[in-house]
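Residue numbers (this note's numbering), protein chains in the order written: chain A, 36 to 168; chain B, 20 to 442.
Quick caveat, the hints were computed from the structure, so don't treat them as lab data.
Be careful, since some hints might not be right.
Pairs of lysine-lysine residues, derived as DSS-like cross-links and limited to a Cα-Cα distance of at most 27 Å, are as follows [unchecked claim]:
id : chain 1 : residue 1 : chain 2 : residue 2
1  : A       : 73        : B       : 109
2  : A       : 73        : B       : 105
3  : B       : 366       : A       : 152
Every value quoted in this text rests on a predicted model; they were computed, and no experiment measured them.
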Amino acid sequence: MQFDFATVLVFLLVGAGFVFIALFVGRFLRPDLPDPQKASVYECGERAIGSGWFNFNPRFYLMALVFIVFDVEVALTFPVAVVVRDWIESGRALVAVAEIALFLLVLAAALAYVWGKGHLDWIRDIEGPEGEE
Amino acid sequence: MNVVQHAADRFMRWAFSVDPSTWPHAWVVYLAFMLVAAVVAVGFVALFAGPVTWIERRVAGRIMSRIGPNRVGPQGVLQWLADGIKCFLKEDLVPEGADRTLFRIAPYFVFGGMFGAFVVLPFGVHLVAADLNVGLLYVLAVTSLVVVGLLMAGWASNSKWALFGGVRSAAQLVSYEIPSAFALMTVILFAGTMSMQGVVAAQGGFPWDWFVFRNPFLFAAFFLYFTAAIAEGNRTPFDLPEAESELVAGYNVEYSGMRYLFFMFAEWANLWIMSAVATVCFLGGWQIPGVSPAHVAAVEGFAFVGWEALSFVIFAAKASTLVIIVVQLRWTVPRLRIDQLMFTCWKYLVPLSFACILGVLALMVVVRDGGTVDLALRAALLIFGFWVVVEYARRIRRTYLADKALYERMEGKKLWYPPYRMP
């Protein structure tokens, strides 16, 4: 087991090392001629207006929140999913299936809630201060 | 048993005549063997990702009735090498006002996240760097490093296009991770293990033993996984992050030279990862028809090498077929819009994958393995799957013939090149 995870570490280091070596060796071969024109960001040939770091659409933010719930759910359910076959074969099928199904249905309810709230829609009405649409 | 460890043990007994479990310097040899395995994997990634870009461009040319790269080497096969050298010699630009540190380290995350998945991908009966017992979960986890890299690249560029592209990428990748993870969960339920080799071992060499034909919900899960994986790989029809026509290039718009190449590298290598995971989970992996893995493990010497090589060829053939299908899809299907992309995921794929899990669970309880119902289901699925493959091939043939007829009418002469070759 330690050996397996040591291999993972070695792979990640070799992957990063490959990138580093390619970039480091390339440094001696590629030109380096800085120029203010080249250093400007691309905005369709126009001079860039303002910074690129601005407030952007929070839709992505809600997606990310929903994602986290589901991803945690995946991480929690995978280990349970492994033993389901054993449980079914040893005659505890109902418990195993009920456990997973219950867990999934709670998540499904959450998805239905988010869906019903309209958070999965791209175009949304802006809610007024009283919650009116 | 870990194959790298096993090889290192044998090497130590043979070269130094020591017992590896008690020898204090054994870790040096282990480390050397791991490094060799990792370097072989890097070589594989490079030799896959490079040529597949050439294949992709040739297929694109074929589909769009144009030629594609055909100058560097015979039929242009060395185009990828020329591209690589060119990118290698290009100046490495960092835009003014960018976050230089994040900008520079983003490719490491993208490449590292992609490359980490190669640890657990089994290429043959024993050809795997480390068969982690959490294999599938590990693949999902380590590939999400890519999201971090893309977001970093998009943010650090200090460019509006790059920021939009990066945020879109992140939203898309994380969203589609859910259906793909759920689709893989059906496999875990069915196989009772997360280890990649374990999943392959639970299947058989013949198509009726593959998971995709074992259960109608696994059949559906295969397509769910495939769709979600295409989206995770930023491929058309889901390539919004780099929608050239609207976002110019997405997160990598400010990158140049080698740093840019590593993003592309990861994207094409990801093709192999998604195809390999689909092959392992649904299409029987490296299983040789009629030969059990136990038999391969039992033989010695030349026969062992032969069986391993055959299993690798079988695996590579299945995965390459999927790669070619993804490449063809890219040039066949138009791009979705961003809102369609999101609701395809959350309103169709996620509920469907929920249904798949519940369906697999129900069938596992109700249908006995090897019973009449099980065999009937398998037979029906096999026939249906066969029809899908035949229909796919027939449609490709039909468009080719239509294309050929049009060319012959326009040029007034016989079409002289076979479908795989262009002037």
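* **residue 366(B) paired with residue 152(A) [C-alpha distance capped at 27 Å]** => holds, 13 Å
* Asked: Holds or violated: are the alpha carbons of residue 73(A) and residue 109(B) at most 27 Å from each other?
  -> Holds, at roughly 13 Å.
* Asked: Is it true that the CA of residue 73(A) sits at most 27 Å from the CA of residue 105(B)?
  -> Distance ~18 Å between residue 73(A) and residue 105(B) Cα, so the pair holds.
Checked against the numbered hints listed earlier, the structure breaks none of them; every hint is satisfied.
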